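Using the sequences and the accompanying hints, generate a full structural model.
Line order of the protein sequences matches chains Z and L.
Counted from 1, the first sequence has number 35 at position 35 by this note's numbering; the numbering is strictly sequential.
Counted from 1, the second sequence has number 7 at position 7 by this note's numbering; the numbering is strictly sequential.
If you are wondering where the hints come from, they were derived from the structure by calculation, not from laboratory data.
Treat each hint with caution, since some may be false.
35 Å max Cα-Cα, derived DSBU-like pairs, lysine-lysine [as the list claims (entries may be wrong)]: (1) Z:K9 with L:K79; (2) Z:K9 with L:K101; (3) L:K101 with Z:K22; (4) Z:K18 with L:K45; (5) Z:K19 with L:K45; (6) Z:K38 with L:K101; (7) L:K45 with Z:K36; (8) L:K42 with Z:K9; (9) Z:K18 with Z:K53; (10) L:K45 with Z:K9; (11) Z:K41 with L:K42; (12) Z:K53 with L:K79; (13) Z:K36 with Z:K18; (14) L:K42 with Z:K38; (15) L:K79 with Z:K38; (16) Z:K18 with L:K42; (17) L:K101 with Z:K53; (18) Z:K53 with Z:K38; (19) L:K101 with Z:K36; (20) Z:K36 with L:K42; (21) L:K45 with Z:K38; (22) L:K79 with Z:K41; (23) L:K101 with Z:K18; (24) L:K42 with Z:K22; (25) L:K101 with Z:K40; (26) Z:K41 with L:K45; (27) Z:K40 with L:K45; (28) Z:K19 with L:K101.
Since the model is a prediction, treat every value here as computed from it, not as a measurement.
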Amino acid sequence: DTEVTQTPKHLVMGMTNKKSLKCEQHMGHRAMYWYKQKAKKPPELMFVYSYEKLSINESVPSRFSPECPNSSLLNLHLHALQPEDSALYLCASSPGGFTGGKGTEAFFGQGTRLTVV
Amino acid sequence: RKEVEQDPGPFNVPEGATVAFNCTYSNSASQSFFWYRQDCRKEPKLLMSVYSSGNEDGRFTAQLNRASQYISLLIRDSKLSDSATYLCVVNSGYSTLTFGKGTMLLVSP
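Here you go:
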């Protein structure tokens with residue numbers, strides 16, 4: 001089972017709202033990621049958690065706040081977003097942690113399509 | 001130089017054709033390599049990992065040339081269902097995947 005589950009699938013929020021995106025995997029994977037993808041562009045890395053610790057923050061604005069409550073869950077808290085933040089937000093996980101080689105292939109959830117109005 | 005470069009296409013081929021995609025990467029320390037497939041408005045799905053010796057999975061063959069920093073994907077006997085965007089992905093360590101911009105494939109009847 002290579003399933004990563006994301007909720008909600010679609011989200012419309014106002015610029016003053018606070019919302020959260022959720023991601024769950026039960027594959028025992030050690031690394032979890034948030035990516036942002038705009039139309040006709042490749043996914044852009046936002047955050048990496050390795051062994052439940054934030055390992056990489058790709059200079060993401062503070063209106064995006066990640067949280068890893070345990071090894072299976074990853075949240076992305078959203079506050080005061082801008083219309084340009086509208087995109088597909090993808091969660092992914094991979095078996096390995098901070099190493100290269102095998103175990104670093106990532107499995108993606110179906111994504112949350114976010115629209116900020 | 002971009003980290004991972006791909007021809008954006010689109011590649012328009014008839015059913016049954018053989019098509020090849022190429023990808024180059026700039027970081028010589030890169031350690032693992034993948035091809036993903038992404039359908040319109042869907043998530044990327046892992047198609048194949050790419051190993052130095054080359055590997056094959058049914059109609060798909062992937063090859064890696066570390067000396068030239070070059071990765072390829074060959075699709076034989078194309079099906080309509082192969083129409084998608086193919087993303088070349090490189091892991092340079094630290095669990096960071098770098099994506100190419102993708103190559104669009106359109107297979108027609």
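Subject >> Numbers of unmet hints, in rising order >> reply: Hint 12 alone not satisfied by this model.
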